[in-house]
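Here's the letter readout for the chains.
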Amino acid sequence: MANTLQFDLVSPERKLASVQATEVQIPGADGDLTAMEGHAATITTLRPGILKAVSPQGTQAFAVTGGFAEITAAGVTVLAERAIPVEDLSGTILDDMVQEARDLAAIAPADQKDAAEKIVHDLLALRNDAAHH
Amino acid sequence: MPSLKDLKNRIGSVKNTRKITKAMQMVAAAKLRRAQEAAEAARPYADRMNAVIAGLAASVGGSDGAPRLLAGTGRDQVHLLVVMTAERGLCGGFNTTIVRLARARANELLAQGKTVKILTVGKKGREQLRRDLGDKFVGHVDLSEVKRVGYANAHEIARDILARYEAGEFDIATIFFNRFQSVISQVPTAQQIIPAQPVETAADSAALYDYEPSEEAILADLLPRGVATQIFTALLENGASEQGARMSAMDNATRNAGDMINKLTIQYNRSRQAAITKELIEIISGAEAL
Chain F
1 MANTLQFDLV SPERKLASVQ ATEVQIPGAD GDLTAMEGHA ATITTLRPGI LKAVSPQGTQ
61 AFAVTGGFAE ITAAGVTVLA ERAIPVEDLS GTILDDMVQE ARDLAAIAPA DQKDAAEKIV
121 HDLLALRNDA AHH
Chain R
1001 MPSLKDLKNR IGSVKNTRKI TKAMQMVAAA KLRRAQEAAE AARPYADRMN AVIAGLAASV
1061 GGSDGAPRLL AGTGRDQVHL LVVMTAERGL CGGFNTTIVR LARARANELL AQGKTVKILT
1121 VGKKGREQLR RDLGDKFVGH VDLSEVKRVG YANAHEIARD ILARYEAGEF DIATIFFNRF
1181 QSVISQVPTA QQIIPAQPVE TAADSAALYD YEPSEEAILA DLLPRGVATQ IFTALLENGA
1241 SEQGARMSAM DNATRNAGDM INKLTIQYNR SRQAAITKEL IEIISGAEAL
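One line per chain: the protein sequences are F and R, in this order. Mapping of the first sequence onto the working numbering: position 126 corresponds to residue 126, and the numbering continues sequentially without gaps. So the mapping is simple: the working numbering equals the position in the second sequence, first residue as 1, plus 1000.
No wet-lab data here; the hints were simulated from the structure. All of these numbers come straight from a predicted model, not from anything done at the bench. Where is the CB? At the ideal position from N, CA and C, for every residue including glycine. Do not take every clue at face value.
As the list claims (entries may be wrong) - Computed cross-link-like contacts, DMTMM-like style, restricted to lysine to aspartate or glutamate with a CA-CA straight-line distance of at most 20 Å:
(1) F/K113 to R/E1040
(2) F/K113 to R/E1216
(3) F/K15 to R/E1040
As the list claims (entries may be wrong) - Covered stretches of chain R, as calculated for chain F (at least 3 residues, CB under 8 Å):
(4) 1032-1042
(5) 1210-1217
(6) 1221-1229
Claimed, not checked - Computed, partial: chain R to chain F, Cβ under 8 Å:
(7) Y1045
(8) L1143
(9) V1146
(10) K1147
(11) G1150
(12) Y1151
(13) F1232
Construct the complete structure from the given sequences, taking the supplied hints into account.
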C-alpha cells in the first residue's frame, strides 16, 4: 500500500473533508502541483480550479475558487474560501461565479485588472473541466 | 388598593408574560447551541489563516515591500470603528456593553484630536449611538434579513471596509464585538483589523516553508482574506454571545415573573380574605343592632 498523507479541506464555515490520501492535486496560482507523502513544506495560493484527493477508497474532487494550501511532509491543509464537491457542481453555480468575477473585474482598479481578468479565465476553464467530470 | 378584579387581571397578564419569556429562553437555548457549533466549525480555518499570516508577517513585515494592510498608511489620524451589535433587543446588556466600549473609545480618540468614523453592523448599536455620535456614521450593514450569518456576509462587510481603506478614507480600523465565554459571561472586545496585528506565535516555524509565488504575493493575497476571516469570527462570536445573553436575560425575566405572580397571589388572597371579614363584620354588627 502506498504511503498516505493527511488531507484536510477547510472552508471558513466548516471542515469539508479530512481523509488519508495518497496524493493531492492542487491548482496552485503558479501552476498545478501534486503533493504526495514527504513533499517539501510549501505554502501556495490557489487559483480557481479542481482540487483532487486520491485515496485508496477513491478520488474526491472539489471545485475551489481561491485560498491557499499548506503542504508539509505529513499532510496537506487546503483553506478554500469556497469549495464545492464536483458532484454537486451545476452549471448555474459556475455561471454565477463567472458573472461575479466579471463584475469584479469590471470595477477593479488598473493595477489589479489583469489579476481579476485571470480569475475570470480560470473560472471559465474550471467550468470546462467540470463539464468533463 | 386595587380591586380583586384588577389583581386577577394583573396575575393573568404576568402569567402570559412569563410564558413568552420562557419560550424565548428556550428558543435562545436552541439557537445558542447552533451558534456555538458554527463558531466551533469556523475555528480551524481562522486558526490556520492567522498562523500562516503571522508567519508570513514575521518574515516580510520589516521590509519596505510590506503590503499596506500590514504596514499601515503611516498615519493614525482617521479611525474607523466597526460596531457590531444585534438586530434585536431583549438580550440583557449585550448591545449596551459593546456600545459603551465603542463610545468610550470614540470619545477618547476625539479628545486626542483624531477623526472618528463609525460603521455600524446591526440595528441596535446604530440606534444607541445615533444621539451623540450620529454625525460620525459613514455606513450601516443591515443583517436583519439574514437568518444565519454566513461567510458571504462577512466577505461583503470586509469588501466594503477594504474599499474604503484603498480609497484612503481611514488609517486604522477596529471592530467591536462581544467575545463569547459562557452563557452568563460575554466580554466586549475591541480588535484592530487594519493594519493587521498578527499574533506573535509561529514565527520560527514559518521560515521552513517554500512559498509559491513569493512571500509578498501570498501575503498580499491573504491579508484581505484575513480581514474577512476576522470579521466572520467576530460575527459568529457575536451571534453566540447574543443568544447566550438573551438566554440568561430571559431566564431572569422568567424567574422575576414567577416571583411577581407569587406576590400578587398573596396580595389577592389577602384582599379576598379582608373582603370576607368585612362582610361578616357588617352582618354581625347589623344583627347586634336589632
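Results for each hint:
no.	hint	result
1	F/K113 to R/E1040	37 Å, violated
2	F/K113 to R/E1216	19 Å, holds
3	F/K15 to R/E1040	10 Å, holds
4	1032-1042	holds (count 3)
5	1210-1217	holds (count 5)
6	1221-1229	holds (count 5)
7	Y1045	5 Å, holds
8	L1143	16 Å, violated
9	V1146	14 Å, violated
10	K1147	14 Å, violated
11	G1150	6 Å, holds
12	Y1151	4 Å, holds
13	F1232	6 Å, holds
In this structure, the hints that do not hold are numbers 1, 8, 9, 10, in rising order.
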